[in-house]
Amino acid sequence: MNNEILKIREQFPILNRMVYGKPFAYLDNAATTQKPTKVVKRVSDYYEWENSNVHRGAHFLSQEATVAFEKARTSVSQFINSSNSSEIIFTKGTTESINLVANSYGNKFLKKDDEILITRMEHHSNIVPWQMLCSRTGAKLKVSPIDFSGEMIMREFEKLLNTKTKIVAITHVSNSLGTINPIKEVIEKAHDAGAVVLIDGAQAVSNLKVDVQELDCDFYCFSGHKMYAPMGIGALYGKENLLDKMDPWQGGGEMIAQVTFDKTTYNEIPFKFEAGTPNVSGALGFEAAIHFLSNIGYDFIVNHKDDLLNYGHNRLAEIAGLKFHGTAKRKTGLISFNIEGVHPYDAAVLLDKLGVAIRTGHLCAQPTVDFYNVPGFIRASFGVYNTREEIDLLCDAIEKVKEILS
Amino acid sequence: MNNEILKIREQFPILNRMVYGKPFAYLDNAATTQKPTKVVKRVSDYYEWENSNVHRGAHFLSQEATVAFEKARTSVSQFINSSNSSEIIFTKGTTESINLVANSYGNKFLKKDDEILITRMEHHSNIVPWQMLCSRTGAKLKVSPIDFSGEMIMREFEKLLNTKTKIVAITHVSNSLGTINPIKEVIEKAHDAGAVVLIDGAQAVSNLKVDVQELDCDFYCFSGHKMYAPMGIGALYGKENLLDKMDPWQGGGEMIAQVTFDKTTYNEIPFKFEAGTPNVSGALGFEAAIHFLSNIGYDFIVNHKDDLLNYGHNRLAEIAGLKFHGTAKRKTGLISFNIEGVHPYDAAVLLDKLGVAIRTGHLCAQPTVDFYNVPGFIRASFGVYNTREEIDLLCDAIEKVKEILS
Amino acid sequence: MNIIEERGNQIVEEFSVFDDWLEKYNYLIEMGKDMPLIDSKYKIKDNLITGCQSNVWLHPEFKNGKVYFYADSDAVITKGIINMLIRALSDATPDEIINADLGFIDEIGLSEHLSPTRSNGLVSMIKQMKLYAMVFKTKT
Amino acid sequence: MNIIEERGNQIVEEFSVFDDWLEKYNYLIEMGKDMPLIDSKYKIKDNLITGCQSNVWLHPEFKNGKVYFYADSDAVITKGIINMLIRALSDATPDEIINADLGFIDEIGLSEHLSPTRSNGLVSMIKQMKLYAMVFKTKT
Ligand SMILES: Cc1ncc(COP(=O)(O)O)c(C=O)c1O
Ligand SMILES: Cc1ncc(COP(=O)(O)O)c(C=O)c1O
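In order, the protein sequences belong to chains A, B, C and D. Residue 9 is where the first sequence starts when you use the working numbering, and the numbers rise one by one after that. Residue 9 is where the second sequence starts when you use the working numbering, and the numbers rise one by one after that. Residue 15 is where the third sequence starts when you use the working numbering, and the numbers rise one by one after that. Residue 15 is where the fourth sequence starts when you use the working numbering, and the numbers rise one by one after that.
Worth flagging that the hints you see were computed from the coordinates, not collected in a lab. Glycine included, C-beta positions come from ideal geometry on N, C-alpha and C. It cannot be assumed that every hint is accurate.
[Unchecked claim] Capping the alpha-carbon separation at 25 Å, the derived lysine-lysine pairs in BS3-like fashion look like this:
no.: 1; chain 1: B; residue 1: K271; chain 2: A; residue 2: K148
no.: 2; chain 1: C; residue 1: K77; chain 2: A; residue 2: K410
no.: 3; chain 1: B; residue 1: K116; chain 2: A; residue 2: K116
no.: 4; chain 1: B; residue 1: K253; chain 2: B; residue 2: K271
[Said to hold, decoys possible] Label pairs and their computed distance ranges (CB to CB):
no.: 5; chain 1: B; residue 1: N89; chain 2: D; residue 2: L62; range: 46 to 52 Å
no.: 6; chain 1: A; residue 1: D200; chain 2: B; residue 2: N249; range: 49 to 55 Å
no.: 7; chain 1: B; residue 1: E248; chain 2: A; residue 2: T268; range: 33 to 39 Å
no.: 8; chain 1: A; residue 1: Y306; chain 2: C; residue 2: F32; range: 47 to 53 Å
no.: 9; chain 1: A; residue 1: E58; chain 2: B; residue 2: E411; range: 30 to 36 Å
no.: 10; chain 1: A; residue 1: H321; chain 2: C; residue 2: V31; range: 38 to 44 Å
Bound conformation, chain A alone:
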């Protein structure tokens, strides 16, 4: 195990936990990542010494918490290089971010027979909100196909784009296949067709450096908990001119400028979209996770994940009877597969007993899994703290599973 990784692992006490009396390998990072001690400490320090509601009080603690909260917003803004921190709205996570756009943008600007274009590799969170929007407005959901390597078929995508396409919603990185989509090209083509583009970045931000200005996307959604930050916090990036003309989605608390029973006027962005007491500790933990990532640096992260991906693919390919799903040319550290003749549920139960935490099932991407015509995937997904040794453990465990079930 190399030194750098060892130093990273020291920040994650949970990795030393024993499961069923044995050390275990946490390879379920696409579901949620573990949290470095600095992130955890930022949260507890806040509660033990700084806690207060924000924006509302003139007193010292409230003022201090507000400054810290807004500084966290600026950190998130810099993290994805948005031009203005008021373009960052704090949400619970990717799911809420997408629902916000589907409601605040969708309800206002979509009408019957307009089209929303997604792909076959979306997570349920980037499918269901659009289905619900369609049933509210009469718009239609169109699905761009993928090929068996798990890549978009660009000319099919282009064929589906037309003047009726009002929203293109696409994942930056697929949570079931690991594919990194050519979203820059997608965004350009969608803009040419006059559509706005929402990017589901849930799986991207921990793996790639994201620059929303360079991408020129209209909305970008991500979750803290998948990038080493606490649960219950995430972000929606939106271009200022779009956010400005959207109506608020939720009402209450500080999202208003003035309330009377006759007429309520709304606050400016981002506050217009942040009804209710925000998750201040979550935002501070989010910021600490951003520092954690920048300290390591994306060069290191990308290299290390590529190494795990290649090593993993090679090692797993040595095992007879494995069928891989998702072999795109550009991938993150995520491998999905099936074991011939083995139901993924059986594999999951036994791998767990053997000390390997992976995920199986439809991975909240049922249409993608259905496309491969299997009852579920087995997915190993890597975090920055994972090692080749843990992949060896996975491989040994798979051999053992095959033996048990043979």
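With the hints as your guide, set chains B, C and D with the ligands onto chain A.
Frame of chain A, contents of chains B, C and D with the ligands only:
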């Protein structure tokens, strides 16, 4: 300072903080309460040793986190005595809970000219979502008046109730006046008129023992952060038969049973309403806060708050030129007032400098404050750790403010 | 003692000879493989108990005052557990099924599979079995 | 040095004789009380800069190439700060106002009031003053 309180205060390190080089009194508990070390520790223990996504994985950690998360749901259910833990939906807080009902119940069951009845003492979070619902459906918002003591006028409320009234939404305890509303009576009358009743319990749960079955309310909403729990977590209680027939509000993640592009079917309650990765650490902190409250016991809490309220009223009444707002017969530990001839903003700035953290302004209850025809209130609100000595500090500070501004 | 509980004890005894999880699971997997076949005409949507991860089909019959269960699953460990449940619950009167205490599953050390949070449909299956028993009871 | 910065330095000097916050605030409050009256016809909605906590009315005039500001607030501490700002910014050319560095507020130790998170409308007021200067500039 009595012994019991001393033991409670030891659990709140932040109370020992110095502000502007002096000890300070935190009297802004209606905005948010401080967190006992056990709550903070529950959150950090979770992240350091137990963290995983829930419901989704068959592996050990995920299983363990799921059990813990569902146990927290059961604790919340027992806390308000709901008959079934599937009647508890985890949300970000009161605001999200109310918005959920306004959308999932409101959009489906309200139509043009139906009426929603609230009171003059609601928080913006219990006004704006209904205004937005009215503008979506053509329903009308009706406002039941209050008198100058800050109490509902029951016969006016009865007059406003009629067969068109579909929803009655009322706060259990007013955040600006401290009034404890006779909600049991309100619920009975509303039910007789055929309306469903939503109770905003944000200010109630830390002050009173709540029993939703005894109240027979249809929905009950509250926030963790106002009852010694972390931010970013709260709950919606809803009667099972109502929740069952409501449509989901947000789409994504685990709220589905099955997703295809043709047809998506939704999960059962409570999961139907919990789209996206939930805030597991928040839920566990919520549970720890419930234990903190039950260990102290509501008898003690009510007694102590009553003592602070009475002592506070008496001491403040000795100061010349104070005008009180909210003098209802049944009140929680909250005192709102103005100093004659002093703008509340000036008072706030100086009280802060003198080491007293109170809140001033419209308190997110602008229509209530407008009713008293002042530019804002000064509000001192007590937590279970506050002391008579801190009230003395407040009184001394007010005298000083008057002197400075005279 | 209820006949179902007796059968449960019998199963617990069988499992008690195993020292570690691996042997237990091997036995469970054997039970899955040994499971009586179910006529494919019963593997229809109406009989499907959906769990997130593996499908379970359950078909009941009522003959001479007793309930008989037939089932299948696409996952072999699930099948093992089903077979165990059928051994215990099938061929019993509605009352016996309704009143049966299924504590034996705990005793074997497989309760993790029956946690409502383990989305494998087994909890729903037991619920469904007791429900069928209740329905048959009203018919008698 | 810009005339506004010179005036700022003057104000910093006045404040520098005070040792503690109380004396500073007393002086600020005096400045609030001493603030020139504004004609009530200017205290209209159009001139209102809404902050959450206190109202600020701001009225500009442009005479002989210079901008003059008149203002009021319902809170006396806010008035003190406004008076200070007017002393610094009023009676200056649009360019001087646009280019003015208002660091002196920091130096006095009142920057907390100018934090955008302190919802007292002062940040909006400074923005508004600079905006008026820009508008007048285009008129010259
Ligand atoms: C009575 C009342 N209702 C609703 C809320 C909103 O709660 P939250 O901001 O936690 O959503 C509050 C607190 O701000 C409140 O006091
Ligand atoms: C690609 C993708 N989109 C959306 C989500 C939803 O994120 P969250 O559950 O944090 O809202 C996830 C993770 O579950 C994901 O992997």
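Structure-based check of each hint:
Among the hinted pairs, K271 (chain B) with K148 (chain A) is consistent with the structure: their alpha-carbon atoms are about 13 Å apart, no more than 25 Å. With a C-alpha separation of about 41 Å, the suggested pair K77 (chain C) and K410 (chain A) falls outside the 25 Å cut-off, and the hint is violated. For the given pair, K116 (chain B) sits about 19 Å from K116 (chain A) by alpha-carbon distance, which is consistent with the 25 Å threshold. Distance hint between K253 (chain B) and K271 (chain B) is fulfilled; the C-alpha atoms sit about 18 Å from each other, no more than 25 Å.
Take N89 (chain B) and L62 (chain D): their Cβ atoms lie about 49 Å apart, and the range 46 to 52 Å holds. For D200 (chain A) paired with N249 (chain B), a C-beta distance near 51 Å keeps the hint of 49 to 55 Å intact. Range check, E248 (chain B) to T268 (chain A): about 37 Å between beta-carbon atoms, so the 33 to 39 Å window is met. Hint check: Y306 (chain A) to F32 (chain C), Cβ distance near 49 Å, so the stated range 47 to 53 Å holds.
In this structure the hint that E58 (chain A) and E411 (chain B) lie 30 to 36 Å apart at CB holds, the actual value being about 31 Å. For H321 (chain A) and V31 (chain C), the Cβ-Cβ distance of about 42 Å falls inside the hinted range of 38 to 44 Å, so the restraint holds.
Comparing the model with each earlier hint shows a violation of hint 2 alone; every other hint is respected.
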